[in-house]
Amino acid sequence: MHARPRQLSVSAKELLILELLVSAGEFYGLQLVSASKGRLKRGTVYVTLGRMEDKGYITSSLDDPPPGAGGMPRRLYAPTPLGRRVVKAWTEGATLVLPEFSR
Amino acid sequence: MTMPGTWLRAFAARSCDAELMARVIDPLIADLQFEWDEAITGGRAIRAWGIRLKATVAFWQVMAWRALFVHRTSPDQMSAGRFAAVSAAFVAVTACLLDAVAFVRVGQLADEPQSLWLLVDLAPRALALALPAGLVAAIAWPRRAGRRGVSTRDVLWLAFAASMMCFALMAWIMPETSRAFRAAGVGAIVSGPLMEMTLAQMWQFLHTSQPPMDAATVWTNFHLRWAMSASPLALAWLLTAIASSTSRHRVIGIALAVAGPVGYLALLGQSARLGFAGVISPAAAAWAPNVILFATALALALSVRRRTPMSAGPEVA
Numbered sequence: 001m002h003a004r005p006r007q008l009s010v011s012a013k014e015l016l017i018l019e020l021l022v023s024a025g026e027f028y029g030l031q032l033v034s035a036s037k038g039r040l041k042r043g044t045v046y047v048t049l050g051r052m053e054d055k056g057y058i059t060s061s062l063d064d065p066p067p068g069a070g071g072m073p074r075r076l077y078a079p080t081p082l083g084r085r086v087v088k089a090w091t092e093g094a095t096l097v098l099p100e101f102s103r
Numbered sequence: 001m002t003m004p005g006t007w008l009r010a011f012a013a014r015s016c017d018a019e020l021m022a023r024v025i026d027p028l029i030a031d032l033q034f035e036w037d038e039a040i041t042g043g044r045a046i047r048a049w050g051i052r053l054k055a056t057v058a059f060w061q062v063m064a065w066r067a068l069f070v071h072r073t074s075p076d077q078m079s080a081g082r083f084a085a086v087s088a089a090f091v092a093v094t095a096c097l098l099d100a101v102a103f104v105r106v107g108q109l110a111d112e113p114q115s116l117w118l119l120v121d122l123a124p125r126a127l128a129l130a131l132p133a134g135l136v137a138a139i140a141w142p143r144r145a146g147r148r149g150v151s152t153r154d155v156l157w158l159a160f161a162a163s164m165m166c167f168a169l170m171a172w173i174m175p176e177t178s179r180a181f182r183a184a185g186v187g188a189i190v191s192g193p194l195m196e197m198t199l200a201q202m203w204q205f206l207h208t209s210q211p212p213m214d215a216a217t218v219w220t221n222f223h224l225r226w227a228m229s230a231s232p233l234a235l236a237w238l239l240t241a242i243a244s245s246t247s248r249h250r251v252i253g254i255a256l257a258v259a260g261p262v263g264y265l266a267l268l269g270q271s272a273r274l275g276f277a278g279v280i281s282p283a284a285a286a287w288a289p290n291v292i293l294f295a296t297a298l299a300l301a302l303s304v305r306r307r308t309p310m311s312a313g314p315e316v317a
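The listed protein sequences correspond, in order, to chains A and B. Residues in the first sequence are numbered consecutively from 1, following my numbering. Residues in the second sequence are numbered consecutively from 1, following my numbering.
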């Protein structure tokens, strides 16, 4: 039986998150909200990040709080190699189709 | 000072599974606590309270998303949000069809060509009839697609919302559109004075010092509007009872689901005629079909409960 190839889908918000993560390396959820300049919202970013982790685009790890600081450990997000390839493919595809929008 | 988000987290932990807590709720709370701690340490108390407020709003957005699109009583059921969307789609299609059919029918009966504004005049009535039919279609739909369906709780909540919408249509919106249609003078009068009265106006009309000539008609119409508003609840409860008693016979379940609203409307039409004619009391004429639906649903639910072992779960749809 042949395994069905996985279909990759990426929404506009997921692409934005991937671009931010690829450029910065890793971010906390709240840092993504700030870096997006209002395009990402607090109420939805964590849900989107969870979905992206299911798709294999990002990975996350718990970061211990700095000494003296209170609060729960924060979750740090970073792109996976697949996530980096998705961003690269999307950017190259966009450049191919619409060269005037290349960055 | 207690870290913010502690109570929110405790609340979420009572209903969310461990995966949702770890991947969505805990990161949100952790980021809130970090940001709040930073603001307090920097002496910015007002900013800290602003952060707390924004994070609380975000938390409830996540909980609403979970209730609408994630929570399921069993893995093969539709979420409440998806069920509401499917119901709304069926209601919209059914309402458009009923509106078009009524428009064509009135055009055949009237002596003059009808303006397209008649579609607007007939829309509230079409929508009121479409609400229970659309709900029933949405309940039957997942069973046809091979899924178990939706949870009884979601069905009854949506039926309650549909009943409220139906009531608003019958009580206020339909009289308003009927009056506007007549005042615009764009075609033959199709409604009549009764259809232009709100429920409050009908109540006052019925309790004037000089009772109306045809009290049976007015009282029947008054009770009909209340009874039709309750029909989505009655039909939804009957349908979930049918679904549980025919869980192994999907075709029968779907056939009964379609026959439910059609049968209800046929029964309502017949009993309304008796009420208008004064043969039976207006309240009995209007409410008899609902009582029959509720009694049938209760009998089916009791028979399922007698047949089902104690260990079976509560969800039937």
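Treat the hints with care, since some could be wrong.
Now the stretches of chain B that chain A is said to cover, found in silico as 3 or more residues with beta-carbon under 8 Å [as the list claims (entries may be wrong)]:
1. 51–58
2. 61–68
If you only want the chain A side, here are some residues facing chain B, beta carbon under 10 Å, derived [unchecked claim]:
3. Val10
4. Tyr28
5. Ser36
6. Lys37
7. Tyr46
8. Asp54
9. Lys55
10. Ala89
11. Trp90
12. Glu92
13. Leu96
14. Val97
If you're looking for bench data, these hints aren't it; they were derived computationally from the structure. Note that the Cβ used here is the ideal one computed from N, Cα and C, for glycine as well.
Here is what the structure says about each hint:
Coverage of the segment 51–58 of chain B by chain A holds [criterion: at least 3 residues with CB-CB distance below 8 Å; count 4]. Proximity of the segment 61–68 of chain B to chain A, defined as three or more residues with a beta carbon under 8 Å from a beta carbon of that chain, is established by the 3 residues found. Interface hint status for Val10 of chain A: violated, as the beta-carbon distance to the closest one in chain B is roughly 19 Å, over 10 Å. With 10 Å as the threshold, the beta carbon of Tyr28 of chain A comes within range of chain B, its nearest partner Cβ sitting at about 6 Å, so the hint holds.
Interface hint at Ser36 of chain A: violated, since its Cβ lies 14 Å from the closest Cβ of chain B, which is beyond the 10 Å cut-off. Because the smallest distance between the Cβ of Lys37 of chain A and any Cβ of chain B comes to about 16 Å, over 10 Å, the interface hint for this residue is violated. For Tyr46 of chain A, the suggested interface contact is upheld, since its CB lies about 5 Å from the closest CB of chain B, less than 10 Å. At about 9 Å, the closest approach between the beta carbon of Asp54 of chain A and any beta carbon in chain B falls short of 10 Å, and the interface hint on this residue holds.
The beta carbon of Lys55 of chain A is not positioned within 10 Å of any beta carbon in chain B (closest approach about 13 Å), and the interface hint is therefore violated. The beta carbon of Ala89 of chain A is not positioned within 10 Å of any beta carbon in chain B (closest approach about 26 Å), and the interface hint is therefore violated. A cut of 10 Å between beta carbons decides the hint on Trp90 of chain A: the least distance to chain B is about 24 Å, and the hint is violated. The interface hint given for Glu92 of chain A is broken, as the beta carbon of that residue sits about 31 Å from the closest beta carbon of chain B, more than 10 Å.
The interface hint given for Leu96 of chain A is broken, as the beta carbon of that residue sits about 35 Å from the closest beta carbon of chain B, more than 10 Å. Taken as an interface hint, Val97 of chain A does not check out: its beta carbon lies about 32 Å from the nearest beta carbon of chain B, beyond 10 Å.
Hints 3, 5, 6, 9, 10, 11, 12, 13, 14, counting from the list given before, are not met by this structure.
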